[in-house]
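**Q** This is what each chain is made of:
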Amino acid sequence: DAGITQSPRYKITETGRQVTLMCHQTWSHSYMFWYRQDLGHGLRLIYYSAAADITDKGEVPDGYVVSRSKTENFPLTLESATRSQTSVYFCASSEPAGTRNSPLHFGNGTRLTVT
Amino acid sequence: GESVGLHLPTLSVQEGDNSIINCAYSNSASDYFIWYKQESGKGPQFIIDIRSNMDKRQGQRVTVLLNKTVKHLSLQIAATQPGDSAVYFCAQRVTGGGNKLTFGTGTQLKVEL
Chain A
-16 DAGITQSPRY
-6 KITETGRQVT
4 LMCHQTWSHS
14 YMFWYRQDLG
24 HGLRLIYYSA
34 AADITDKGEV
44 PDGYVVSRSK
54 TENFPLTLES
64 ATRSQTSVYF
74 CASSEPAGTR
84 NSPLHFGNGT
94 RLTVT
Chain B
11 GESVGLHLPT
21 LSVQEGDNSI
31 INCAYSNSAS
41 DYFIWYKQES
51 GKGPQFIIDI
61 RSNMDKRQGQ
71 RVTVLLNKTV
81 KHLSLQIAAT
91 QPGDSAVYFC
101 AQRVTGGGNK
111 LTFGTGTQLK
121 VEL
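These protein sequence lines are chains A and B, in that order. Each step along the first sequence adds one to the number in this note's numbering, with nothing skipped, and position 43 is 26. Add 10 to a position in the second sequence, counting from 1, and you land on the number used in this note's numbering.
Mixed in with the good hints there might be a few duds.
Restricting the straight-line Cα-Cα distance to at most 16 Å, the calculated cross-link-like pairs of lysine to aspartate or glutamate (EDC-like) are [as the list claims (entries may be wrong)]: (1) B/Lys110 <-> B/Asp59; (2) B/Lys110 <-> A/Glu42; (3) B/Lys52 <-> A/Asp39; (4) B/Lys66 <-> B/Asp41; (5) B/Lys78 <-> B/Asp59; (6) B/Lys81 <-> B/Asp41; (7) B/Lys110 <-> B/Asp41; (8) B/Lys120 <-> B/Asp41; (9) B/Lys110 <-> A/Glu(-3); (10) B/Lys110 <-> A/Asp39; (11) B/Lys78 <-> B/Asp65; (12) B/Lys120 <-> B/Asp27.
If you are wondering where the hints come from, they were derived from the structure by calculation, not from laboratory data. Quantities reported herein were computed from a predicted structural model and do not represent experimental measurements.
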């Protein structure tokens, strides 16, 4: 089925470990995004990508790394996890902003706990 | 700044009544607004959107109203059903900022039987 899938759904890791969250979309959308969701903060943008090999920082990029070698994949890596990165992470994709409406379409998230 | 906020954190309505969820935004350069619904354990789900050159848009049982003069957005849900219970977010996009969205903190809608 077409859509956006995230893996894993749940992850527990220790402080200092590297962890990668995966995101795959089948719509061939050019834009992809990573948000984190925390109580009291809503959804905050970590990184986004306008196309393969083009990435840019969002509101809260520190401690995260992204890559986009293929249009359909947009992995998010925590190079050295900290407890403050315990959160629910959502990946999203969309068409480019333009004359048509282009809402973001979200995956079902990865709940990450850093102990 | 580009803050997007909500007036009420929790809204309780009776089944069958109409619901109105409000949202204030601060950036007058916003050109596109979206309402999302989020159920427990799931990602935000697109409900309805509106561009800044419109003031009203209707979908199935939902209507979005945009008042640019006072920077206010609302979502109206007609004949609210138990399945409408969720957290609702408004989001805005600033012109020229790619397709990045800034989200409000959300309103919990509870439908009472």
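**Q** Run the structure past the numbered hints and jot down the numbers of the failing ones, going up.
**A** 3, 8, 9
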